[in-house]
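Colleague: In case you want the letters, here they are:
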Amino acid sequence: MIAMGADVDKVFKALAAPERRVLLDRLHADNGQTLGQLCERMSITRQAVTKHLKMLEEATLVVTIWQGREKLHYLNPMPIHEIAERWIGKYERGRLRVLAELKEKLEGDGNG
Amino acid sequence: MVKSGAESEFVYVTFIRTTPEKLWQALTEPEFTRKFWVGTVQESEWKAGAPWKMLAPDGRVADAGEVVEIDPPRKLVLKWQNHLFPEMTAEGFSRMTYELEAKGGTVKLTVTHAMDRTDSKLVKAVSNGWPQILASLKSLLETGESLEGTDRWPAGL
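Just so you know, the sequences run in chain order A and B. All residue numbers for the first sequence refer to our numbering, where the first residue is 1 and numbers rise by one. All residue numbers for the second sequence refer to our numbering, where the first residue is 113 and numbers rise by one.
A couple of the hints might just be wrong.
To be verified - Once the Cα atoms are required to be at most 27 Å apart in a straight line, the calculated BS3-like pairs of lysine-lysine come out as:
no.	chain 1	residue 1	chain 2	residue 2
1	B	K134	B	K159
2	B	K220	A	K10
3	A	K54	B	K220
4	B	K236	B	K165
5	A	K54	A	K71
6	A	K103	B	K233
7	A	K51	A	K10
8	B	K236	B	K220
9	B	K236	A	K103
10	A	K71	B	K187
11	B	K134	B	K191
12	A	K71	B	K191
13	B	K159	A	K54
14	A	K105	B	K236
15	A	K71	A	K51
16	B	K233	B	K134
17	A	K51	B	K220
18	B	K134	B	K215
19	B	K215	A	K13
20	B	K215	B	K233
21	A	K71	B	K233
22	A	K105	B	K233
23	B	K159	B	K191
24	A	K10	B	K215
25	B	K215	A	K51
26	A	K13	B	K233
27	B	K191	B	K233
28	A	K71	B	K215
29	A	K71	B	K236
30	B	K220	B	K191
31	B	K165	B	K215
32	A	K71	A	K13
33	A	K71	B	K220
Claimed, not checked - Derived Cβ-Cβ restraints for the label pairs, each shown as a range:
no.	chain 1	residue 1	chain 2	residue 2	range
34	A	L106	B	L269	27 to 33 Å
35	A	R95	B	E181	40 to 46 Å
36	A	E92	B	L269	20 to 26 Å
37	B	V173	A	K13	22 to 28 Å
38	B	A162	A	E19	43 to 49 Å
39	A	E19	B	E141	22 to 28 Å
40	A	E92	B	T201	33 to 39 Å
Hints are computed from structural coordinates only; laboratory data are not their basis. Ideal placement from N, C-alpha and C gives every residue a C-beta, glycine not left out.
Produce the entire structure from the sequences given, and follow the hints as far as they go.
Modeller: Put into structure tokens, the structure is as follows:
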């Protein structure tokens with residue numbers, strides 16, 4: 001078993017809000033976005049988005065990089081990967097992938 | 113300045129209970145990389161401007177490029193081109209950066225892999241590999257064991 005890098009409680013807490021999961025989905029679809037881009041088409045205020053991003057950053061689910069004068073937000077998959085490593089047996093991985101692909105195919109959602 | 117979305121870029125951050133010196137060694141020295149990086153080794157004189165390459169266990173050059181910036185054990189920037197898949201070779205050089213930062217008893221490792229083109233096949237391919245490789249590196253340094261499946265070259269590749 002590998003020890004958890006980021007504070008696990010923070011990761012689960014950060015994942016436990018639909019708005020924050022939407023932000024992660026949007027970075028998954030298009031990595032490296034500014035706060036302004038992330039606020040587009042969100043039904044919550046800029047202040048609320050900022051607050052959610054802060055929690056995601058504290059859990060290291062989101063990391064930021066300055067590019068010139070722009071602060072870009074990136075999805076960091078490592079904490080989720082480490083959580084999966086902790087509970088998924090090494091021999092189960094292949095079978096789980098097959099099942100996940102089957103589910104994706106049957107449900108017809110390319111975003112899996 | 114490149115606008116976000118105009119290029120392909122991934123960022124990975126992981127915290128490893130080790131020292132920057134040990135992590136640097138693990139990222140660059142063959143006896144370590146073989147164990148967690150699917151049996152590969154890297155060859156370079158490890159100085160700015162020096163060629164860099166990653167070799168598969170059978171001796172084929174998997175990736176190659178150049179050391180752009182090096183500051184052990186803090187920062188390494190590589191120009192990185194894939195040599196195994198023609199469609200990825202055609203994309204030219206990507207840019208890979210390691211940043212190591214000691215934080216308490218751990219080291220924060222940030223890996224950035226970027227290419228100045230939209231929907232880069234190389235960056236997409238490495239983005240599937242990096243989390244597994246980094247998790248295995250973390251496991252190796254913290255427990256002495258790398259993760260199953262990362263200690264040998266994938267069959268048929």
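Colleague: Measure nothing beyond the straight line between the CA atoms of K165 of chain B and K215 of chain B; if it is 27 Å or shorter, mark the hint as holding.
Modeller: 30 Å, violated
Colleague: For the pair supplied as a hint, K10 of chain A and K215 of chain B, is the alpha-carbon distance within the 27 Å limit?
Modeller: Roughly 18 Å separates the two Cα atoms, so the pair holds.
Colleague: Does the structure keep K215 of chain B and K233 of chain B at a Cα separation of 27 Å or less?
Modeller: This hinted pair is violated, its Cα atoms lying about 34 Å apart.
Colleague: Within 27 Å, alpha carbon to alpha carbon, are K105 of chain A and K236 of chain B?
Modeller: Given that 27 Å is the threshold and the Cα spacing comes to 21 Å, the pair holds.
Colleague: Below or equal to 27 Å on CA atoms is what counts here, so check K233 of chain B against K134 of chain B.
Modeller: 32 Å, violated
Colleague: Is the hinted pair K103 of chain A and K233 of chain B satisfied, with a Cα-Cα distance of at most 27 Å?
Modeller: Given that 27 Å is the threshold and the Cα spacing comes to 25 Å, the pair holds.
Colleague: Is the Cα-Cα distance between K215 of chain B and K51 of chain A 27 Å or less?
Modeller: 24 Å, holds
Colleague: Between K71 of chain A and K187 of chain B, does the CA-CA distance stay at or below 27 Å?
Modeller: 21 Å, holds
Colleague: Hinted pair, alpha-carbon criterion (27 Å max): K105 of chain A, K233 of chain B. Please report holds or violated.
Modeller: 23 Å, holds
Colleague: Could you say whether the range 20 to 26 Å given as a hint is met by the Cβ separation of E92 of chain A and L269 of chain B?
Modeller: Between E92 of chain A and L269 of chain B, where Cβ atoms are some 23 Å apart, the hint holds.
Colleague: Between K71 of chain A and K13 of chain A, does the CA-CA distance stay at or below 27 Å?
Modeller: 24 Å, holds
Colleague: Holds or violated: K54 of chain A with K71 of chain A, Cα cutoff 27 Å?
Modeller: 13 Å, holds
This entry does not satisfy hints 13, 16, 20, 26, 31, 37, 39, going by the numbered hints stated previously.
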